[in-house]
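If you're matching them up, the sequences are chains C and Y in order.
Sequential numbering of the first sequence, starting at 265, is according to the numbering used here.
Sequential numbering of the second sequence, starting at 792, is according to the numbering used here.
Bear in mind the hints are in silico, worked out from the structure with no lab data behind them.
Some clues are possibly wrong.
[Unchecked claim] Derived SDA-like pairs: lysine to any residue, alpha-carbon spacing no greater than 25 Å straight-line:
#1 K349/C with K507/C
#2 K1143/Y with Q405/C
#3 K1143/Y with R367/C
#4 K349/C with L936/Y
#5 K466/C with L366/C
#6 K349/C with S302/C
#7 K349/C with L945/Y
#8 K1040/Y with A390/C
#9 K1040/Y with K507/C
#10 K333/C with R946/Y
#11 K1143/Y with E427/C
#12 K333/C with G940/Y
#13 K1040/Y with F926/Y
#14 K1040/Y with R350/C
#15 K349/C with D284/C
#16 K1040/Y with K466/C
[As the list claims (entries may be wrong)] If you want the footprint, here are the derived chain Y segments under chain C, 3+ residues with CB under 8 Å:
#17 1008-1019
#18 1024-1037
#19 1129-1142
Everything numeric in this text was worked out from a predicted model, so none of it was measured.
Every residue gets a Cβ at the ideal spot worked out from N, C-alpha and C, and that includes glycine.
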Amino acid sequence: MTSPAVSQARSSTDEPVLLDVSGLTVTFGGVTAVGGLSFDVHEGEVLSVIGPNGAGKTSAFNCITGFYKPTAGRIRFAGADITGKRPALIAARGVARTFQNLRLFGELSVLDNVRAGMHVRIRQNAFDAVLHTPRYRRSEQAATDEANRWLDFVGAAGNRGAEVRNLPYGEQRRVEIARALAREPKMLLLDEPAAGLNHGEKAALLDLLRRISGLGTAVVLIEHDMGLVMEVSERIVVLNFGKEIADGTPEQIRADPAVIEAYLGSDDAEAEQEAERIAGSSGAQAHEDPTADAASQEEDR
Amino acid sequence: MSDEPLRGSTPEDPSGFVRAVDERGAATVGTVGGGLTPTGRKGGNPVSRVVGHPLFGWLVIAVAVALPFVNSSAYAIRISTDALIFIMLAVGLNVVVGYCGLLDLGYAAFFAIGAYTSGVLSTTFGWPILATIPFVVIAAVIGGLLIGGPTLRLRSDYLAIVTLGFGEIIRITANNLDFTGGPNGVFGIPDFGDFGLRSDIATYWVVVVVVGLAVLASSRLGRGRLGRAWRFVREDEDAAEAMGIHTYKVKFAAYVTGAIFGGLAGVLFAVHQTAISPPSFNFLWSALILMAVVLGGMGSTPGVVIGAIIISLLPELLRGAENWRYLIFGVLLIVVMIFRPQGIWPHRVEEKPDRGRRRRSSPEPEEVAR
Ligand SMILES: Nc1ncnc2c1ncn2[C@@H]1O[C@H](COP(=O)(O)OP(=O)(O)O)[C@@H](O)[C@H]1O
Ligand SMILES: [Mg+2]
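Looking at chain Y on its own, in the form it has when it is part of the complex (with noise of 0.2 Å):
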């Protein structure tokens, strides 16, 4: 980010004011009882600990892979395919939302962006989709400045109604304009290319890849130097600015940041439907993406991904209840929601406390309690 360091020094190069701490030492207090408390049981659950374990990523990534193997049907394929954008959606507001605090109450009109750009291009002008891609993604971040330009320096409530409009706007816009094809939208949106399969399947496995490095992508930005930045101004904003964050812009980073992700699941939307139009994209889209947010645990990558999960196959799932599944459905989130209202996955903020203390060669108090 902007910052300069005006002490010039970085961690990597102990200053001068580094070197004089290690000279002086701990405090006599800190020694005695540094870092003693145990953080204890790993995990907690055997569920939690079965989610938690870093393999458990790649067994669900397996599994989504080999699913046209196990029923290749084309509802299931579909429906898969469904899932697996909503989940890109959902780590892309959770940039925004779970990470940085920020509510964003119309991010269907990131996706609606993506979608009609990538649309456009590919039908009107031929382009193959993947040529497509650069012109979303600056599609995106100009929605993103345009929107989070002005709004992001007020206080958040004035950003969810904002973005609340945007969202509208983006949708009747694409439903009033022509090279949008007005409310009939566009269609015949082409493949992503031909690979000798047949092309549900083939755009399946296509969305499996990206969506899972989007997945691996904004879980490994939530814990990386901006990742920790949007968390500071999410706790408390004033305190991020007086250690020198520029909360502003780090805002502004989350705000772009989810917008090429809702973009990118936009082009997948389109190829994925081969037709749009602008009732895909109205205010219910918005909602729902927020919902698997915080249904799985907002910050969560893991969560997310659940709560994405959820929130796109549960309807799915009680399509034998007939006319009653929506009603179901509200149901049970909200019984979700009164009962875990941290979310099915939360965030966890437990990390081991002797990270990086290893490397000392002092026998450490937790090391000698083990």
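Chain C extracted, bound-state conformation (with noise of 0.2 Å):
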């Protein structure tokens, strides 16, 4: 396992821009939900994305996915322009995503899931399907080979073949991770994957982020829990009200009285407090209070 020194000394910043997202602008009717977002992705790089509730954080993974046309502004990936495209043609070109409300095929079974993620990559047409040719047989084969190394990748549990439905919580998000990864992305952006994990299932995604990192994967991270991003990220852009407000490493960030205001108002006395809490202190479970999770989970697709 890559120790969090040997990952902050590798320096995905001196790596060529991946994503480039400038004057990113989405409106609801009257609402602004990001106003003019100008951020990058390096290659390999891990960056998280933090803000208060509807900063506007998914919103914004929502245009970069192509689930929502941005008002304004460009999102560039790998060279490409890609504000607007169709979800599907944003996917192939490598960039997968996680939902911050868990979004698995429930009904279908956990490997099933998986194969979702390297569909565009199964070599095979309905009519290998349909007279069973051994191009058939190989393929599934191997699509199912590779769900399995998926889901040791990440850990999962439990029962592979069964619905996915009714796996435990905890094992529901790494199966969607695993979906993810098994989609082979240059860039996996991930909405809140901590969000109702117990202190172990932390533990063992601060491990998975790390090993995700190591396979040269840019990780693009929405986080509430502050010890996970304060560990992981390489850097960390601030978002709210739709607005960048900081941009920089978990020391910079830290130490940002921006963020420390947007975060607290401006009561100086507990903006103290909640200071240590972003610098990872033994309080930081503290603030993770599950009905909050989900009350701010409602409103996001």
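Join the two chains, each given in its own frame, into one complex according to the hints.
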């Protein structure tokens, strides 16, 4: 396992830019969810996007992955303009994502869910399937083997042949990540992957994020768990009311008064405490109130 | 489908990415619990074990082939042919509704398109039935394009309404055009050919073969790559898109596949009936086919076949009840749906979790557990 020190030393900000978001704006009626957001992601980088609920993090993800059409702005990925393109096309270019609320194929098996990720790479047509040609058998076997490998990779326990909706919540989260990884993405967007996980599961997630990063995939993480964010991120972008208010290394973000302000309001005494929390001290889990999480998930896709 | 492989690797030829995964190995958490939960009991109760057995399908086909030797009365042959054609319609609609989750309320339209295309070409132009088949397929695909093209972009509720209208439009059009024979329809439709057998029995055997192949094809389609894409779309369109699956094309493929099945079933129907007219394709047909799919179990081939047999034969078996038979029929269906909303033989999701891991040399936890 990569130690934090090692992952920090290998700076991905020297790598070429993979995702370039400039002036991204999304409005819903009168509400500006994202207002002129600009940031970039380098190849192989681990970047976190943080900010209070309603800051526009998920909306920005939805624009990058094609689910929302931006009102203004440009998104370039791997050198190509993907602004307003169909989600399937963006995914085929190498962007994979998970959803803030799990979006698994509930009535399908765990293996089938992961096979979805490799769908565009499976070489087989309808005639192969009807005639059970050798190519069909080979590609199905290969897909099953690979699905099992990804499930091993994310550490999925439980029955892989059973309906995914019957798995415990934490397991389902892992399967969703396995499905996204099976897309073999250049960039993986994770929307609050730690929400609803217990302490042990969060530790396993941290380990998993490091191993994903070790594959060379860029990881963009929306997360409220500051302990996790500070531990794993090379760079952090902070959003508030749809605007970027800070962008820097975890150390810079910790020390940034604008961030503290955005999170906590202007009360100085409280700000001190919360600053410590952002710094990842022992109180880090305290604000992970499960009901608050559930409420914040309600409004997102 | 369309999706060009931008990452360039196929599962057969592991990319650097996959190799990296192999090198880095599995999560430690994974190997501890991986696949430990036993799938347990095979199938459950004895009935499901019999019906679920692969040989069961062959047994059904053997019984179907042998029927004329057991009972060759014109009545038995007629209702059996009807039932088989109905099975074909049901497995075709199952692709659309069961696999892909698209509600089609006018499926009889494709049935009509097939029957009329074949009927008109074979009577007015004197073509042999076999020669009409390519044109039936073309006509069905065109029908699918016209209806599916615009509506499949919308949410599925629109599809239900549009297809409902389409079913009626096709019937009313056939009623009003001259070349379709207007209200009189088309008659004198020829047989598949002279096999030196009683013609209804010859037709019956052709139908057995065609329907048998159709059932097999739809079942296998459902399990392959395209079939999985259909199910992904049914379960969650957005998540499917996020995996690079062009959901519009996938829905389109389902709709057109269903259209082809319906069209070919129409050919069988035209030959079997020798005469067709607009009332043969009213909304009741679309409703009954849908009922067969829902009753049997959406997305489950054995279920849908059972559903189709029940829907087509039950009114015959209830003939003794005279005028009450449709009431009893309706009540029975309601009772079944109350007690088994998932259908008589729902699709089984369970697959052997260790499939494909056999080749690995390291002992798997579940093998150890056995
Ligand atoms: N589909 C939508 N329709 C209307 N408003 C939306 C939609 N999606 C997001 N919003 C609004 O945009 C704002 C930002 O939401 P979101 O991007 O989910 O924030 P975050 O993920 O940072 O919590 C919120 O005010 C939310 O209500
Ligand atoms: Mg959100």
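Okay, the hints, checked on the actual structure:
1. K349/C with K507/C: Roughly 23 Å between the alpha carbons, so the hint for K349/C and K507/C holds.
2. K1143/Y with Q405/C: It holds: about 13 Å lies between the C-alpha atoms, which stays within 25 Å.
3. K1143/Y with R367/C: Holds - the C-alpha atoms of R367/C and K1143/Y are around 24 Å apart, at most 25 Å.
4. K349/C with L936/Y: Distance ~24 Å between K349/C and L936/Y Cα, so the pair holds.
5. K466/C with L366/C: holds (16 Å)
6. K349/C with S302/C: Status holds; Cα separation ~18 Å.
7. K349/C with L945/Y: Measuring from Cα to Cα gives roughly 18 Å; hence the hint holds.
8. K1040/Y with A390/C: holds (14 Å)
9. K1040/Y with K507/C: Measuring from Cα to Cα gives roughly 37 Å; hence the hint is violated.
10. K333/C with R946/Y: holds (18 Å)
11. K1143/Y with E427/C: Roughly 12 Å between the alpha carbons, so the hint for K1143/Y and E427/C holds.
12. K333/C with G940/Y: holds (23 Å)
13. K1040/Y with F926/Y: Answer holds: K1040/Y to F926/Y is near 23 Å, not above 25 Å.
14. K1040/Y with R350/C: Status holds; Cα separation ~13 Å.
15. K349/C with D284/C: holds (15 Å)
16. K1040/Y with K466/C: Status violated; Cα separation ~39 Å.
17. 1008-1019: holds (count 9)
18. 1024-1037: holds (count 11)
19. 1129-1142: holds (count 3)
When each numbered hint is compared with the structure, violations occur for hints 9 and 16.
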